[in-house]
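*Asks:* The lines below spell out each chain.
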Amino acid sequence: MIFDTLQNLCKSNEHQIIYHRVKEIGSLCLFENNRDLSKLQIMYLYYLELFAVLFQDLNMDEKYISEEVINDPIRREAYLLYRKERRNKNTDNDTGKHIDSSHGDGSVIFRKK
Amino acid sequence: MESKINKAEIAKDALKAIQEIEDVVKVENLVKDNKIEWKDGDKTYRVRKPSYGERQEADGARRKRYLEMIKDDTYLFKKQWMELYKGKGVNIAEKENKIQSLQSDIKTLLLRLATTELPNDITLLKTEILKLRAEQIQISMEITDLLNHSIEDQLMLYVNSYITYLVFEKSEPEDTKQGDNPWRRIYKSFAEFQTSSDKCIDSAFSYMSYLIYSYEEKK
Numbered sequence: 001m002i003f004d005t006l007q008n009l010c011k012s013n014e015h016q017i018i019y020h021r022v023k024e025i026g027s028l029c030l031f032e033n034n035r036d037l038s039k040l041q042i043m044y045l046y047y048l049e050l051f052a053v054l055f056q057d058l059n060m061d062e063k064y065i066s067e068e069v070i071n072d073p074i075r076r077e078a079y080l081l082y083r084k085e086r087r088n089k090n091t092d093n094d095t096g097k098h099i100d101s102s103h104g105d106g107s108v109i110f111r112k113k
Numbered sequence: 001m002e003s004k005i006n007k008a009e010i011a012k013d014a015l016k017a018i019q020e021i022e023d024v025v026k027v028e029n030l031v032k033d034n035k036i037e038w039k040d041g042d043k044t045y046r047v048r049k050p051s052y053g054e055r056q057e058a059d060g061a062r063r064k065r066y067l068e069m070i071k072d073d074t075y076l077f078k079k080q081w082m083e084l085y086k087g088k089g090v091n092i093a094e095k096e097n098k099i100q101s102l103q104s105d106i107k108t109l110l111l112r113l114a115t116t117e118l119p120n121d122i123t124l125l126k127t128e129i130l131k132l133r134a135e136q137i138q139i140s141m142e143i144t145d146l147l148n149h150s151i152e153d154q155l156m157l158y159v160n161s162y163i164t165y166l167v168f169e170k171s172e173p174e175d176t177k178q179g180d181n182p183w184r185r186i187y188k189s190f191a192e193f194q195t196s197s198d199k200c201i202d203s204a205f206s207y208m209s210y211l212i213y214s215y216e217e218k219k
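Line by line, the protein sequences give chains A and B.
The opening position of the first sequence corresponds to residue 1 in our numbering, with each subsequent residue numbered one higher.
The opening position of the second sequence corresponds to residue 1 in our numbering, with each subsequent residue numbered one higher.
Think of the hints as simulated: they come from the structure by calculation, not from any bench.
All C-beta atoms in this analysis are idealised placements derived from N, C-alpha and C, irrespective of residue type, glycine included.
Accuracy of the hints is not assured; some may be wrong.
Stretches of chain B that chain A covers, calculated by requiring three or more beta carbons in the stretch to come under 8 Å of a beta carbon on chain A [claimed, not checked]:
1. 25-31
2. 102-112
Derived lysine-lysine pairs resembling BS3-like cross-links, with alpha carbons at most 25 Å apart [claimed, not checked]:
3. B:K43 - B:K199
4. B:K107 - B:K131
5. A:K39 - B:K32
6. A:K11 - A:K23
7. B:K26 - B:K39
8. A:K11 - B:K126
9. A:K23 - A:K39
10. B:K16 - A:K11
11. B:K199 - B:K26
12. B:K126 - A:K63
13. B:K131 - A:K39
14. B:K16 - A:K23
15. A:K89 - B:K170
16. B:K170 - A:K39
17. B:K32 - B:K43
18. B:K32 - A:K11
19. A:K63 - B:K107
20. B:K35 - A:K39
21. B:K131 - A:K84
22. B:K199 - A:K39
23. B:K126 - A:K84
24. B:K107 - A:K84
25. B:K39 - B:K188
26. A:K11 - B:K26
27. B:K43 - B:K26
28. A:K11 - B:K64
29. B:K79 - B:K98
30. A:K39 - B:K26
Next up, chain A with everything else stripped away, as it sits in the complex (with noise of 0.2 Å):
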């Protein structure tokens, strides 16, 4: 209930709105601490990562993704893993090629209970 919730703050505009403008002005902070993070505070880092990169495949008219996508966490998901498998067939098909980390999934670890 309360990570649906994390999930749904983290895809909203405000939100997404802080996430873009933190990344921008390094002095920005997102919390009163700023070491030692919560498992919360990790994960809400995660889901915020994790909204940008579906608004900017959105944004992107990439194959797969819509609004009805993102709202729907099983969708939502399943693009999430084709995307991977997709990245992952580029990258084995075009080795010694840079290809740009800071798209890609949510570069904080998230570990699942």
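Model the placement of chain B on the given structure of chain A, informed by the hints.
*Replies:* Same frame as chain A, but now just chain B:
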């Protein structure tokens, strides 16, 4: 009559919207720092992320407890429990393999779902994925129950309890000079914490799960 129904539906929707806003505010509050505060009656409690010193203390307690457990013949490791169960016809390794195989099936269905655009197919695939997930959870819960008494699980429970004891605090502003920290650890010892029947401990455990990954997850 119809307007009455509409009014009731509108009221229901409004209540749902208010609940959603309250949930969002609550989660925003939980995320803002690495502490969680809550009220129970006129008392204010909190749990927080343990400090380096507290984590060291918890590590020491774990080490001590682990030594006690391995000296005690009634405590067994997961692998030993698995052997015992196997002798009684319960194969946990097989159950774990089943979870893996279900995961592989789920992955295949997810990849099909990702590229499917027909509404009927989407519904069917989602239903099948949820069915397999439920089966996975069922087996996982069975394994958890069976291995509940293993050294690994008991040690994880012990450490999580110990950390909760260390960071579970009550605000006592009336006993605090201005400018000083009003938060006080509630229990003088871990033994006192373990024997307490205070319902607030359940809330503390629940909130701690939002602050830290459990010992097993960290490993």
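*Asks:* Look at each hint and say if it fits the structure.
*Replies:* Hints versus structure:
1. 25-31: This one holds; 5 residues, not fewer than the three required, reach chain A with a Cβ under 8 Å.
2. 102-112: With 3 residues close enough to chain A, the hint holds.
3. B:K43 - B:K199: 13 Å, holds
4. B:K107 - B:K131: Cα-Cα ~13 Å, so holds.
5. A:K39 - B:K32: 12 Å, holds
6. A:K11 - A:K23: 16 Å, holds
7. B:K26 - B:K39: Holds. K26 (chain B) to K39 (chain B) sits at ~13 Å (cutoff 25 Å).
8. A:K11 - B:K126: 22 Å, holds
9. A:K23 - A:K39: 21 Å, holds
10. B:K16 - A:K11: 19 Å, holds
11. B:K199 - B:K26: 21 Å, holds
12. B:K126 - A:K63: 20 Å, holds
13. B:K131 - A:K39: Judged against 25 Å, a Cα distance of about 29 Å means the pair is violated.
14. B:K16 - A:K23: 34 Å, violated
15. A:K89 - B:K170: Distance ~54 Å between K89 (chain A) and K170 (chain B) Cα, so the pair is violated.
16. B:K170 - A:K39: The hint holds at about 22 Å.
17. B:K32 - B:K43: It holds: about 22 Å lies between the C-alpha atoms, which stays within 25 Å.
18. B:K32 - A:K11: Judged against 25 Å, a Cα distance of about 17 Å means the pair holds.
19. A:K63 - B:K107: Satisfied, since the Cα-Cα distance of roughly 19 Å is no more than 25 Å.
20. B:K35 - A:K39: Measuring from Cα to Cα gives roughly 11 Å; hence the hint holds.
21. B:K131 - A:K84: Status holds; Cα separation ~24 Å.
22. B:K199 - A:K39: Status holds; Cα separation ~24 Å.
23. B:K126 - A:K84: Between K126 (chain B) and K84 (chain A) the Cα gap is close to 20 Å, so the pair holds against 25 Å.
24. B:K107 - A:K84: 12 Å, holds
25. B:K39 - B:K188: 21 Å, holds
26. A:K11 - B:K26: 16 Å, holds
27. B:K43 - B:K26: This hinted pair holds, its Cα atoms lying about 19 Å apart.
28. A:K11 - B:K64: 45 Å, violated
29. B:K79 - B:K98: Given that 25 Å is the threshold and the Cα spacing comes to 18 Å, the pair holds.
30. A:K39 - B:K26: Given that 25 Å is the threshold and the Cα spacing comes to 16 Å, the pair holds.
When held up to the earlier numbered hints, the structure conflicts with 13, 14, 15, 28 and fits the remainder.
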